[in-house]
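K.L.:
Chain by chain, the residues:
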Amino acid sequence: MPAPSRRAAAAESAPETVRLTGVGFGYADSPEVLRDVNLILPRGSFHFLTGPSGAGKSSLLRLLTLAERPTEGRIGLFGRDVTDINRSAAPALRRRMGVVFQDFRLLDHLDLFENAALPLRLAGRKRAEYAPDVEEMLRWVGLGGRMDARPPSLSGGEKQRLAIARAVMTKPELIIADEPTGSVDKAMADKLLNLFQTLNKLGATVLIASHDEALAEQSGARRLRLDRGRLTGGL
Amino acid sequence: MKANFPGRAPGLLPRDAAGETWLAAVIAVLCFIACLACVGAVAADRAAHGWARQLRAEATVQVRPRVGETGLAAAGRAAETLSSVPGVSEAAVMDRKTAEDLLRPWLGEAVLPDLPLPFLVTVRLDPKAPASTVVLSRALAEAGLDASVDDHALWRGEVERSAGLITALSLAGFLLIACAAAAAIVYATRAGLQAQRGVIETLSLSGATEGYIAGLFQTRFGLLAAGAGASGAVAAALLIAALRALGGPGGLTTALPLAWGDILLLSPCPLLAGTVALVAARIAAQTTLAKGALGGRRSRR
Numbered sequence: 001m002p003a004p005s006r007r008a009a010a011a012e013s014a015p016e017t018v019r020l021t022g023v024g025f026g027y028a029d030s031p032e033v034l035r036d037v038n039l040i041l042p043r044g045s046f047h048f049l050t051g052p053s054g055a056g057k058s059s060l061l062r063l064l065t066l067a068e069r070p071t072e073g074r075i076g077l078f079g080r081d082v083t084d085i086n087r088s089a090a091p092a093l094r095r096r097m098g099v100v101f102q103d104f105r106l107l108d109h110l111d112l113f114e115n116a117a118l119p120l121r122l123a124g125r126k127r128a129e130y131a132p133d134v135e136e137m138l139r140w141v142g143l144g145g146r147m148d149a150r151p152p153s154l155s156g157g158e159k160q161r162l163a164i165a166r167a168v169m170t171k172p173e174l175i176i177a178d179e180p181t182g183s184v185d186k187a188m189a190d191k192l193l194n195l196f197q198t199l200n201k202l203g204a205t206v207l208i209a210s211h212d213e214a215l216a217e218q219s220g221a222r223r224l225r226l227d228r229g230r231l232t233g234g235l
Numbered sequence: 001m002k003a004n005f006p007g008r009a010p011g012l013l014p015r016d017a018a019g020e021t022w023l024a025a026v027i028a029v030l031c032f033i034a035c036l037a038c039v040g041a042v043a044a045d046r047a048a049h050g051w052a053r054q055l056r057a058e059a060t061v062q063v064r065p066r067v068g069e070t071g072l073a074a075a076g077r078a079a080e081t082l083s084s085v086p087g088v089s090e091a092a093v094m095d096r097k098t099a100e101d102l103l104r105p106w107l108g109e110a111v112l113p114d115l116p117l118p119f120l121v122t123v124r125l126d127p128k129a130p131a132s133t134v135v136l137s138r139a140l141a142e143a144g145l146d147a148s149v150d151d152h153a154l155w156r157g158e159v160e161r162s163a164g165l166i167t168a169l170s171l172a173g174f175l176l177i178a179c180a181a182a183a184a185i186v187y188a189t190r191a192g193l194q195a196q197r198g199v200i201e202t203l204s205l206s207g208a209t210e211g212y213i214a215g216l217f218q219t220r221f222g223l224l225a226a227g228a229g230a231s232g233a234v235a236a237a238l239l240i241a242a243l244r245a246l247g248g249p250g251g252l253t254t255a256l257p258l259a260w261g262d263i264l265l266l267s268p269c270p271l272l273a274g275t276v277a278l279v280a281a282r283i284a285a286q287t288t289l290a291k292g293a294l295g296g297r298r299s300r301r
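Each protein sequence line maps, in turn, to chains A and B. Taking my numbering, I'd label the letters of the first sequence as residues 1 to 235. Taking my numbering, I'd label the letters of the second sequence as residues 1 to 301.
Bound-form chain A, shown alone (with noise of 0.2 Å):
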């Protein structure tokens, strides 16, 4: 076997695992959405990202999950400068991360236990031995009498459930959640919160985005705040 590279295994003992450095962001034509953000997620960290509707906290996300490009700053990934990343070495990244999409973004051709097991399937993970670990965390979130449900058929909450099951699927090194919780009484949002709060003790690191000041409150976690584009406490 090959002796590992010294830039991997720099990007291995990486201490953070996002660094952003003086990103900015606009859509085309439009005002900037973020400005100067600086921001280290160290490691197996727990973070809250709060700010009021339009603050950008959506477009942040969509910068870390690699779905748009900063117009300003660097964006470092598990100890790599992804800025200028190439197109086809993107997905291996996303591959280490699970994203909660506030609008839950589930293929409503699939039934639940299909989409939770997007991320194996997309891994090349053999079914027979992913299903058992789907079927599990189904029931955890409380879908387990529904897996041959399709997605509209579900109620708010329940593809929330459904849309967090499948972000943590493969156990991923990064949690990105926008809104995770919006949609679900306050009994399930404490375990979902839970359940972001047991993966964070395995080692993933976890940023929730949130305007639910109170659930940040109750977490413990770091909290950063965006505002009008900049973001306060992200070092």
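The hints are simulated quantities; they were obtained by calculation from the structure and are not laboratory data. The beta-carbon is built from N, C-alpha and C at its ideal position, and this holds for glycine as well. Treat the hints with caution; some may be incorrect.
[As the list claims (entries may be wrong)] Sample of chain B residues facing chain A (criterion: CB under 7 Å; computed from the structure):
{"#": "1", "residue": "Pro-14"}
{"#": "2", "residue": "Val-199"}
{"#": "3", "residue": "Thr-202"}
{"#": "4", "residue": "Leu-205"}
{"#": "5", "residue": "Ser-206"}
{"#": "6", "residue": "Gly-207"}
{"#": "7", "residue": "Ala-208"}
{"#": "8", "residue": "Thr-209"}
[Said to hold, decoys possible] Some residues of chain B that are not near chain A, with every Cβ distance over 10 Å (derived):
{"#": "9", "residue": "Ser-83"}
{"#": "10", "residue": "Ala-92"}
{"#": "11", "residue": "Leu-112"}
{"#": "12", "residue": "Ala-184"}
{"#": "13", "residue": "Arg-190"}
{"#": "14", "residue": "Pro-257"}
{"#": "15", "residue": "Gly-261"}
{"#": "16", "residue": "Ile-283"}
[Said to hold, decoys possible] Chain B is nowhere near these chain A residues, computed Cβ spacing over 12 Å in every case:
{"#": "17", "residue": "Gly-142"}
{"#": "18", "residue": "Glu-213"}
{"#": "19", "residue": "Asp-227"}
Fit chain B to the supplied structure of chain A, relying on the hints for placement.
P.N.:
The following block gives chain B in isolation, referenced to the frame of chain A:
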């Protein structure tokens, strides 16, 4: 409990992602036309080669009688002379009635009785080793006959040129139809990529590579085109079989003699349609994904 575990995983693209039912209908019709163009080209080529072969196997000799000799006597002597030439199967005087029958469609009945007709000898050549014009002319000259030999080279050349042109045109038509099918698939693939933008972004953000996503569309459209190609080929085969059954070996017209074996020519149609679709869908999907239609490309720098 999951009912279909551990069965086969369902497709990641929704069914009918891009109006595929209509696309399949268009491809089936295009394949149907392409199959007819292909068989038409083969039949036209067969007819032209048949005519050329017939012309090559015959020669016509015009005899000019000498003073004191009747035209029929001179023609009879020429036929006798030519019969003994190696490479000639048969030589016979064309009687006036046969000559009039040939001219009647062109000149009508009225002028034929008064028309001075040339004295002709029809020569059937040995198809394996036909005698050349030079050999025939020499034999006639040695027999003291004033005659000219026409080996139909002019007509044969025209027929062969026409056959080549028809085959080339049919081939060009076939290629145009293939291009039309590819264009329809490219359009449908792009429409599918746009219509399924949300699905594709979800797949992409879940770790799917562009090649994997392009592969989903490639497989979808490849199979769809193969099925549509099979439908078009079967429809064309039924039509050709009906024409062959109605027209017999000569076909409905002598210009398009059909053979049962022509139907076998249609068998690669599904494979060809599938391959064209596969390539077209792959290129369209990769181009669209590379253009950044799925986000991640917006940069002000």
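K.L.:
Next step is simple, just say for each hint if it's right about the structure.
P.N.:
Cross-check of the supplied hints:
1. Satisfaction of the interface hint for Pro-14 of chain B is found here, the shortest Cβ-Cβ separation to chain A being roughly 4 Å, below the 7 Å cut-off.
2. About 6 Å separates the beta-carbon of Val-199 of chain B from the nearest beta-carbon of chain A, less than 7 Å, and the hint is met.
3. The interface hint given for Thr-202 of chain B holds, since its Cβ lies 4 Å from the closest Cβ of chain A, which is under the 7 Å cut-off.
4. Residue-level restraint check for Leu-205 of chain B holds (minimum Cβ-Cβ distance to chain A is 6 Å; threshold 7 Å).
5. Given the 7 Å rule on beta carbons, the hint for Ser-206 of chain B holds: about 5 Å separates it from the nearest Cβ of chain A.
6. For Gly-207 of chain B, the shortest C-beta to C-beta distance to chain A is roughly 4 Å, which falls under 7 Å, so the interface hint holds.
7. Proximity of Ala-208 of chain B to chain A holds as hinted, the smallest CB-CB distance being about 5 Å (cut-off 7 Å).
8. Using the Cβ-Cβ criterion of 7 Å, the hint placing Thr-209 of chain B at the interface with chain A is satisfied: the shortest such distance is roughly 4 Å.
9. Distance check for Ser-83 of chain B against chain A: the nearest CB is about 81 Å away, which clears 10 Å, and the non-interface claim stands.
10. The claim that Ala-92 of chain B is not at the interface with chain A holds, since no C-beta of that chain comes within 10 Å of its own (minimum 79 Å).
11. Against the 10 Å criterion, Leu-112 of chain B stays outside the reach of chain A, whose nearest CB is about 80 Å from its own CB.
12. With a minimum CB-CB distance of about 24 Å to chain A, Ala-184 of chain B clears the 10 Å threshold, and the non-interface call stands.
13. Residue-level check passed: Arg-190 of chain B sits 19 Å from the nearest beta carbon of chain A, beyond 10 Å.
14. Every C-beta of chain A lies more than 10 Å from that of Pro-257 of chain B, the closest at about 51 Å, which supports listing it as non-interface.
15. Listed as outside the interface, Gly-261 of chain B is consistent with that label: its C-beta sits roughly 45 Å from the nearest C-beta of chain A, beyond the 10 Å cut-off.
16. Chain A leaves Ile-283 of chain B outside its interface by the beta-carbon criterion, the shortest separation being 17 Å against a cut-off of 10 Å.
17. The non-interface label for Gly-142 of chain A is consistent with chain B: the shortest C-beta to C-beta separation is roughly 15 Å, beyond 12 Å.
18. With a closest Cβ-Cβ approach of about 27 Å to chain B, Glu-213 of chain A is found to remain outside the 12 Å limit, as its non-interface label requires.
19. Look at Asp-227 of chain A: its CB is around 22 Å from the nearest CB on chain B, clear of 12 Å, so calling it non-interface holds up.
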